[in-house]
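So the sequence lines, in the order shown, correspond to chains S and G. Quick note: the first sequence uses this note's numbering, first residue 9, plus one each step. Quick note: the second sequence uses this note's numbering, first residue 9, plus one each step.
Think of the hints as simulated: they come from the structure by calculation, not from any bench. Among the clues, some could well be false.
[Unchecked claim] With a straight-line cut-off of 27 Å between C-alpha atoms, the simulated DSSO-like cross-links for lysine-lysine are: (1) K82/G to K325/S; (2) K310/G to K82/S; (3) K82/S to K400/G.
[Unchecked claim] Pulled a few chain G residues facing chain S out of the computed Cβ check, cut under 7 Å: (4) A94; (5) G232; (6) N421.
Small disclaimer: the values here were computed from a predicted structure and weren't measured. Even for Gly, the Cβ is constructed at its ideal location relative to N, Cα and C.
Number of protein chains: 2
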Amino acid sequence: LVVAVGEHVGLDEISCDLLWRHAGRQTPHDDVGEADWHRVEMTFLVNDRWRASFPVTELGRYVYTVSGWVDRFKTWVHDLQKRLEADQDVRIDLLIGADLVDEAIGLAAEGPDAQRLRAYRELLRSDASIHERSLAALQDELAILMRRHGPRRFATIYQHELPVTVDRERARFSSWYEMFPRSASPDPSRPGTLQDVIDRLPYVAALGFDVLYLPPVHPIGETGRKGRDNVPSAQQGDVGSPWAIGSRHGGHKDVHPDLGTVHDLERLVAACRERGLELAMDIAFQCSPDHPYVHEHPEWFKHRPDGTIQYAENPPKKYQDIYPFDFETEAWESLWVELKSIFLFWIERGVRIFRVDNPHTKPFPFWEWLIGEVRHDHPDTIFLAEAFTRPKVMAQLAKLGFTQSYTYFAWRNDAWSLREYFTQLTQTPMVEYFRPNAWPNTPDILTEHLQYGGRPAFMQRLILSATLAANYGIYGPTFELQEHVALRPGSEEYLGSEKYQVRHWDLDRPDSLRDLIARLNRIRRANPALHHDRNLHFHAVDNPALLAYSKATADRSNAILCVVNTDVHNTQSGWVHLDLDDIGAPPDHAFHVHDLITGSRYAWQGSANYVELNPQVLPAHVLQVLAENRTERDHPTYR
Amino acid sequence: LVVAVGEHVGLDEISCDLLWRHAGRQTPHDDVGEADWHRVEMTFLVNDRWRASFPVTELGRYVYTVSGWVDRFKTWVHDLQKRLEADQDVRIDLLIGADLVDEAIGLAAEGPDAQRLRAYRELLRSDASIHERSLAALQDELAILMRRHGPRRFATIYQHELPVTVDRERARFSSWYEMFPRSASPDPSRPGTLQDVIDRLPYVAALGFDVLYLPPVHPIGETGRKGRDNVPSAQQGDVGSPWAIGSRHGGHKDVHPDLGTVHDLERLVAACRERGLELAMDIAFQCSPDHPYVHEHPEWFKHRPDGTIQYAENPPKKYQDIYPFDFETEAWESLWVELKSIFLFWIERGVRIFRVDNPHTKPFPFWEWLIGEVRHDHPDTIFLAEAFTRPKVMAQLAKLGFTQSYTYFAWRNDAWSLREYFTQLTQTPMVEYFRPNAWPNTPDILTEHLQYGGRPAFMQRLILSATLAANYGIYGPTFELQEHVALRPGSEEYLGSEKYQVRHWDLDRPDSLRDLIARLNRIRRANPALHHDRNLHFHAVDNPALLAYSKATADRSNAILCVVNTDVHNTQSGWVHLDLDDIGAPPDHAFHVHDLITGSRYAWQGSANYVELNPQVLPAHVLQVLAENRTERDHPTYR
């Protein structure tokens with residue numbers, strides 16, 4: 009029955025609280041009492057939706073949930089108002105209200121609140137006029153006291169505790185520069201050292217980066233060492249891959265003697281800090297056959313029936329210079345503890361950012377445990393997952409604790425693909441747990457686009473990564489010097505890859521992109537709109553070769569609009585159809601956009617505006633929308 | 009590292025099982041062992057998606073989950089194939105395989121499987137040729153044996169058990185007819201009885217319905233009884249609302265003496281069954297002040313400070329003829345048990361379908377418990393929730409156990425709203441738990457559309473409910489006789505509502521819609537496409553007053569296409585743009601559609617076809633797509 013008999017029911021008022029607490033290492037199975045939670049009153053919005061927020065003041069893990077209950081007193085106040093409006097006799101109702109207050113007194117601790125509640129109860133039960141007693145019943149103070157102390161009988165609590173991980177700001181906004189230390193020597197006659205990296209810091213800082221990431225700095229194995237360009241056997245003097253970790257000089261807690269010492273690394277950490285940079289180390293959990301672990305802990309490796317240790321394979325390919333750890337070993341617990349101690353070793357030496365090699369080839373529970381343990385004591389650590397693998401595996405690694413993730417960005421080269429991919433990254437639930445770190449190149453990834461796209465491709469990919477993603481990085485100096493020759497057609501490997509040999513780079517070459525890089529990093533720092541991923545918004549363009557997108561702060565005081573020509577060969581032009589609200593531009597006046605790369609200014613009006621981009625000159629506009637210049641007369645040329 | 013060092017890893021083969029069991033009354037907290045599950049091997053599809061199915065052969069509750077593990081043997085076979093293709097030496101690999109088989113032998117019980125595994129192990133370790141041993145390793149039989157007995161070390165299991173509720177078919181496909189027994193008398197000088205309802209069954213069966221639903225048949229209270237048209241005080245002879253349950257003649261387990269006896273109700277249940285009908289009872293958990301519970305169990309009601317019992321209210325309105333149960337009473341447990349016993353009382357008398365009045369005004373946990381308890385012993389019971397309330401509340405009632413739910417259908421009258429609403433009901437996750445039962449009218453709902461739309465509105469709403477929803481119902485004889493006068497403008501109450509007075513109906517009136525109703529119910533029975541909700545598909549029409557939709561069986565052997573003119577006043581015409589695949593029509597030939605209401609046939613071709621509907625004549629086509637007539641030559645007129 010809807011109306012006649014049914015109308016009386018189901019009109020109870022509901023109250024809801026958000027419950028939250030800092031959870032630290034606590035697991036969902038720990039016993040949590042009512043007193044462990046902070047409570048925030050939730051506000052009703054519409055259609056059974058409620059809202060509340062809570063402040064996060066510490067790094068680490070918070071959890072929250074919600075609780076709701078039938079609020080007898082709120083229902084009573086609501087009904088009383090309607091009865092009074094209808095001039096009904098409310099004498100009995102006032103007594104019912106007094107009983108509700110009485111119940112709250114019984115639950116409140118002795119103190120000023122209990123005193124005030126007692127005063128209200130007495131007034132409601134007194135001989136004062138109905139008018140006076142009704143006024144008292146409707147007092148805000150009484151509502152607040154009753155919300156605080158009233159019974160929450162049969163309160164229900166949402167059965168899941170929802171986690172919130174609080175990271176420091178660099179987890180959300182960072183600019184990475186990767187380089188091989190052994191290629192950092194200014195003297196072509198000798199390989200580079202950590203001291204050379206320290207000497208290179210002014211260059212990296214001038215480029216505007218804030219994270220310096222080095223491939224593994226540990227001793228490199230000799231057994232099965234690969235030669236230049238990954239040929240199966242090394243020649244005399246070949247230096248080997250830094251990812252073939254471990255030799256008679258030590259393992260994951262040692263520095264390659266050619267690079268320096270652990271003390272040098274500590275000096276590098278300090279030197280970075282002085283320049284506003286932070287060192288990121290590479291953690292690759294695998295061993296060369298010469299790694300001390302192989303002899304000291306044979307139980308951490310898989311053994312073949314012929315007594316040899318199982319090397320890495322992707323049949324029919326064999327990687328006899330690499331022994332993977334056997335995560336299914338009976339001795340997995342001691343293996344886990346040791347691997348954790350590697351992180352702690354470098355954390356003690358000042359490192360807080362780790363780029364983790366191939367995390368998807370180790371068990372999920374291992375990473376969940378390791379990152380949880382490390383972050384419990386060091387919540388300022390940042391873990392970048394290098395998992396170029398299936399989407400669901402990348403998502404799972406992000407969910408279980410990795411702070412940032414590499415992406416498929418390098419292979420998204422046309423406007424449609426870029427829009428689809430970054431929409432997925434920033435406008436779906438992925439944005440809640442997956443922080444993209446966009447790289448146009450890495451030592452493993454020289455895309456066909458960069459191989460054949462020339463200087464326009466490098467400029468375009470740089471601008472895209474630096475403006476689409478709040479976290480981005482480049483692998484240099486190959487990037488700024490536009491290294492683009494692959495090992496062979498169809499390969500994404502560099503010819504003469506630094507992975508297998510020492511290189512020397514002429515950083516001062518006139519065709520270097522260093523000025524553009526430095527300018528983009530300055531633009532990134534100066535514009536808070538670029539420090540976030542969630543605020544990415546794509547705009548329509550009538551030319552499918554063009555990509556238009558913006559990022560703006562919530563109050564629109566800072567808005568950056570980018571238009572990129574994804575065609576590396578031809579000038580493309582078209583009309584951009586702007587969503588003006590999203591860039592804080594007025595619908596009814598002209599406004600100005602300032603190209604932060606070239607310094608040009610344009611007076612635009614309305615949604616549709618014309619753009620033309622010659623990739624040989626500059627394949628993109630990075631425009632600041634100048635909201636303060638709302639009419640033509642505000643433009644400098646009119647003043 | 010992606011390629012060089014990294015390529016070897018993360019290539020383990022995975023195997024997955026679906027685990028399922030009939031769960032009965034078992035709660036998720038019960039201890040469930042490995043042996044309680046049936047296992048089904050899952051098939052890998054793409055991108056980390058797997059598929060499996062399991063048969064449900066019993067009514068009631070099943071649960072399922074999934075388990076996955078690294079399958080060492082499958083990985084080994086996969087690698088071995090690649091090694092053999094590359095002509096590598098596999099002697100050591102064959103020994104590794106033998107060790108894997110050995111491990112499975114240790115896990116398999118003694119028997120033929122263990123014997124076969126032993127034979128494979130010996131062959132793999134034998135001096136036979138590499139070729140012979142490799143062939144053995146790749147045998148399907150070995151793969152099957154190893155899948156069955158191989159270790160599932162470190163298997164992970166999805167942490168949630170996902171429920172599947174299995175209902176009987178009438179839960180999914182049913183046609184309801186509601187009528188007031190006291191208005192069933194053929195003699196205008198006396199009110200109807202249950203015997204009169206038995207005498208009315210041939211009429212209801214001829215209309216083609218399979219569920220006969222009666223409002224409450226219990227004794228009606230006298231205290232505070234409402235008069236005709238819901239006036240506050242009854243006159244002598246006024247019969248009161250059947251939802252004001254309970255008098256000196258008894259309560260929820262009794263039959264109103266004017267209607268008959270409990271035995272008469274049992275006779276009605278049997279008579280329905282003989283006609284292919286099933287009786288649905290109305291369960292309304294509320295009492296008149298005269299209900300025996302009020303005296304026998306005052307603890308189940310709320311008491312006011314003046315000693316009176318709290319009547320129902322929606323301030324400032326008072327419903328002093330109704331006492332709601334107090335579900336927050338200290339005595340809630342005895343109340344719950346008694347209310348459950350009401351269902352069991354009528355189940356013992358043969359009733360299996362219950363229409364539950366206002367379930368949203370009672371606690372969710374109460375219904376979850378009650379329905380779970382009742383269905384554990386009587387899994388063939390069907391519960392229809394009459395909760396015309398907020399969307400999330402309706403969804404929650406369906407999730408916690410209600411079999412069917414009333415909908416907002418009555419108020420969705422234009423084509424756009426109908427399409428939006430039924431898309432939500434059938435093409436979103438709602439379809440997994442919420443079974444709509446669409447009613448154009450009820451004793452509480454005489455919509456403005458029916459009040460002012462005339463005969464076309466009744467025809468249109470009938471066809472829409474009978475073809476859009478697999479479960480539907482009408483409130484008769486008001487519907488077939490097109491009762492359309494409201495109590496007052498703006499009200500959805502009937503003037504002279506049967507809720508408050510006895511009515512007599514002339515079923516043989518020539519303007520009755522009985523023939524159209526009977527035809528529609530015959531169409532519903534004959535066409536399996538109409539027995540489901542999930543298969544609803546909307547097609548584009550270039551006239552916004554027209555709505556086009558189809559339902560087809562999975563193999564397209566039965567496909568029904570409806571085109572409805574939602575304008576009750578004007579003839580509307582337009583081009584329907586059919587998704588031919590969804591109706592099994594050929595893209596390249598003409599096909600025929602057969603109007604199942606009028607008997608007309610049309611030869612159509614391609615996607616775009618013209619339709620014109622005069623609402624005064626018939627506001628809709630209900631077309632069967634004749635897939636067997638694939639060319640013009642197949643048409644009867646060509647033969």
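Going through the hints against the structure:
no., hint, in the structure
1, K82/G to K325/S, "holds, 18 Å"
2, K310/G to K82/S, "holds, 18 Å"
3, K82/S to K400/G, "holds, 22 Å"
4, A94, "holds, 3 Å"
5, G232, "violated, 11 Å"
6, N421, "violated, 17 Å"
Of the numbered hints listed earlier, those contradicted by the structure are 5 and 6.
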